[in-house]
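Chains A and B, in that order, are what the protein sequence lines are. For the first sequence, our numbering gives the first residue as 1, with consecutive numbering after it. For the second sequence, our numbering gives the first residue as 1, with consecutive numbering after it.
If you are wondering where the hints come from, they were derived from the structure by calculation, not from laboratory data. As the structure is a computational prediction, the values presented were derived from the model and not from experiment. Watch out, some of these pointers could steer you wrong.
What the hints assert, rightly or not - Computed spacing ranges between beta-carbons, pair by pair:
no., chain 1, residue 1, chain 2, residue 2, range
1, B, Gln134, A, Lys86, 34 to 44 Å
2, B, Ser172, A, Gly326, 42 to 52 Å
3, A, Gln197, B, Ala36, 51 to 61 Å
4, A, Tyr109, B, Gln184, 45 to 55 Å
5, B, Glu171, A, Ser80, 20 to 30 Å
6, B, Gln184, A, Glu46, 35 to 45 Å
7, A, Asp262, B, Lys91, 34 to 44 Å
8, A, Asp19, B, Gln134, 33 to 43 Å
Claimed, not checked - Heads up, simulated BS3-like pairs for lysine-lysine below, C-alpha to C-alpha not over 25 Å straight-line:
no., chain 1, residue 1, chain 2, residue 2
9, B, Lys52, B, Lys89
10, A, Lys246, A, Lys145
11, A, Lys186, A, Lys227
12, B, Lys185, A, Lys227
13, B, Lys91, A, Lys283
14, B, Lys185, B, Lys205
15, A, Lys227, A, Lys148
16, B, Lys78, B, Lys91
17, A, Lys342, B, Lys185
18, A, Lys286, B, Lys213
19, A, Lys283, B, Lys185
20, B, Lys78, A, Lys283
21, A, Lys227, B, Lys159
22, B, Lys19, A, Lys342
23, A, Lys358, A, Lys50
24, A, Lys227, B, Lys78
Beta carbons are placed, not taken as given, at the ideal position from N, Cα and C, and that holds for glycine.
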Amino acid sequence: MSMTPRERVLTALNRGVPDQVPWVENDIEEALQVQIMGTANFTPPELCEKLGLSAFGAHYPMGQASDGQAMQTKETYKESYYYPKKVTFDFVPPWIAKMGADQDTGRTYIEKGLLVSEESLALFDEFLPDPHHPARYEKVAEWIKQYKGDYAVFARIRLGASSTLESMGLDEFSYATVDNPELIKKIHLRFSEWSAQVVDHLNEMDFDFFWCNDDLAGNHGPFMSPKIFRECFLPNMRIVAERIKKPWIFHSDGNLFPIMEDLLSLGMTAIHPLQPAAMDIGKMKKEYGHRVCIVGNIDLDYTLPLGTEEEVDAEVRNRILTAGPGGGYIISSANSLTDYCKVENVWAMSNAIKKYGKYPLEG
Amino acid sequence: MSNLLIEIQEAVINGQQAKVDELTQAALDSGITPQAILNEGLIPAMSTVGEKFQKGEFFISEMMIGARAMYAGLNIIKPLLAGQNAATKGKAVIGTVQGDLHDIGKNLVCMMMEGGGYEIVDIGINVSPENFVQAIKEHSPDFVLMSALLTTTMEVMGKTIKVIADSGLRESVFIGVGGAPVTQKFADSIGADFFSPDAGDAVSKANVLLVAK
Chain A
1 MSMTPRERVL TALNRGVPDQ VPWVENDIEE ALQVQIMGTA NFTPPELCEK
51 LGLSAFGAHY PMGQASDGQA MQTKETYKES YYYPKKVTFD FVPPWIAKMG
101 ADQDTGRTYI EKGLLVSEES LALFDEFLPD PHHPARYEKV AEWIKQYKGD
151 YAVFARIRLG ASSTLESMGL DEFSYATVDN PELIKKIHLR FSEWSAQVVD
201 HLNEMDFDFF WCNDDLAGNH GPFMSPKIFR ECFLPNMRIV AERIKKPWIF
251 HSDGNLFPIM EDLLSLGMTA IHPLQPAAMD IGKMKKEYGH RVCIVGNIDL
301 DYTLPLGTEE EVDAEVRNRI LTAGPGGGYI ISSANSLTDY CKVENVWAMS
351 NAIKKYGKYP LEG
Chain B
1 MSNLLIEIQE AVINGQQAKV DELTQAALDS GITPQAILNE GLIPAMSTVG
51 EKFQKGEFFI SEMMIGARAM YAGLNIIKPL LAGQNAATKG KAVIGTVQGD
101 LHDIGKNLVC MMMEGGGYEI VDIGINVSPE NFVQAIKEHS PDFVLMSALL
151 TTTMEVMGKT IKVIADSGLR ESVFIGVGGA PVTQKFADSI GADFFSPDAG
201 DAVSKANVLL VAK
């Protein structure tokens, strides 16, 4: 029996077997969206329809100049947060950091985290928007109503881990693990309390799931020891996790195996993105597939940006046959579709998912 | 070996900055040479930190703390080592390639290389191939180390190696590459001399190449 895209996603998130493996992306950079659509003037469901995606969230150019990935923290942040100019479904706090911008591409990056001392905590009031300000919720509710149709819609939020790491800087954070662990806890708590209040509002809206983006690991493993993770991060992440009343996907790049049990104690519905360089999807499926839905694993280091269409096809088939059996798998890139992916490879991914993703799976 | 040197090693591995500072001073006061403090205290300690990271016993934050503790000792002995040829094993120019603005990986390699006894010339982020060439001319390094976090900028590593070759300087340096998307296969394809998946490994590979030189 054929399912709607939303039913397909929710079934897979619930570790059930949908009619076909759903495809969902955490983000598609706007320049690539425009390449795919041939115009900047389209709606989120039109993009889903064209590619075969089952859900939308993140941000869309909607006829305006495309932006790079949203790494925002400007003096104007609060206003642009309350009154977004473009269609967005994001509810993330700003980095409390000094931002730089590449002169050639305009891409922004974090030059230096600003939360480095007890005194710097005063910056929270300067940077964080009022989590109860109604304007953004009202606007996004209108967009959901206007565009949702049969698709699943997700909000992107954070549990506070990546906000803490980026706003301290990895060096200052590392030093604080021995000099002043209480500072890390305080910073994390402020971010987590903010997100928890936002989540209270989002729970009442027509979102189908949340995507919690909290990068805290590299290819080798988490940036911090499991002990520090348990002491400084987990209790604060739990503050947000316990308030969530929808299915949710936890996202962190890198190798999460050393802290997987701790992470799973947060009760997420799914884990994303399983970078092939850092995590083996076969191991993940075998050891944790009965406890959590798996999202991701199409390589963004080589296959999507540099590989051939045949390599994309083969990788999609391999991932579906590895993680798809028994359901509980949502296919996606191993982070997001960035503007440096070859557009023909995105089409190859779309075609391969349709070719190999129908249940019952081959073999 | 002096107990003080063993204590210095332990303090670096445990990331105890103040203790390393104290112990280094005490070692100098007791007549231990700066060279011995470097070669028998700080360098083996950072080597252990790198090994622990590779084995998954240490994480990035512990490597950073270890490096900070190492610098506490190094900063004391550096002025005393100045002018002694034996002070460094070799010299490395290091930078993140053009178009890439990430520096965490690069900084970790700087720390580990310096902790491994190398002199480091950090030429920063977003470094053009021409600036790598300029740095080679200016500093005559043994190694050129390039870092990239993005798949797109990774390609610039190949271009940089080509520009170095076109300048006639390729044979004068060993070129090492690293960064999240970089693989051995990619390193081979662009003609790099070595690839390191992490900062500790960069030191080990550099050591091997220097011996073979």
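Verification of the hints:
1. Gln134(B) with Lys86(A): 34 to 44 Å: holds (42 Å)
2. Ser172(B) with Gly326(A): 42 to 52 Å: violated (57 Å)
3. Gln197(A) with Ala36(B): 51 to 61 Å: holds (58 Å)
4. Tyr109(A) with Gln184(B): 45 to 55 Å: Once the Cβ atoms are compared, 28 Å apart, the range 45 to 55 Å for Gln184(B) and Tyr109(A) is violated.
5. Glu171(B) with Ser80(A): 20 to 30 Å: Given range 20 to 30 Å: violated, Cβ gap about 53 Å.
6. Gln184(B) with Glu46(A): 35 to 45 Å: Since the Cβ atoms of Gln184(B) and Glu46(A) sit about 42 Å apart, the hinted range of 35 to 45 Å holds.
7. Asp262(A) with Lys91(B): 34 to 44 Å: Given about 43 Å between the Cβ atoms, the range holds.
8. Asp19(A) with Gln134(B): 33 to 43 Å: violated (60 Å)
9. Lys52(B) with Lys89(B): Given that 25 Å is the threshold and the Cα spacing comes to 23 Å, the pair holds.
10. Lys246(A) with Lys145(A): holds (18 Å)
11. Lys186(A) with Lys227(A): Holds, at about 17 Å.
12. Lys185(B) with Lys227(A): violated (35 Å)
13. Lys91(B) with Lys283(A): violated (42 Å)
14. Lys185(B) with Lys205(B): It holds: about 16 Å lies between the C-alpha atoms, which stays within 25 Å.
15. Lys227(A) with Lys148(A): Measuring from Cα to Cα gives roughly 42 Å; hence the hint is violated.
16. Lys78(B) with Lys91(B): Holds - the C-alpha atoms of Lys91(B) and Lys78(B) are around 15 Å apart, at most 25 Å.
17. Lys342(A) with Lys185(B): holds (21 Å)
18. Lys286(A) with Lys213(B): violated (47 Å)
19. Lys283(A) with Lys185(B): holds (24 Å)
20. Lys78(B) with Lys283(A): This hinted pair is violated, its Cα atoms lying about 48 Å apart.
21. Lys227(A) with Lys159(B): violated (42 Å)
22. Lys19(B) with Lys342(A): violated (53 Å)
23. Lys358(A) with Lys50(A): holds (18 Å)
24. Lys227(A) with Lys78(B): It is violated: about 35 Å lies between the C-alpha atoms, which goes past 25 Å.
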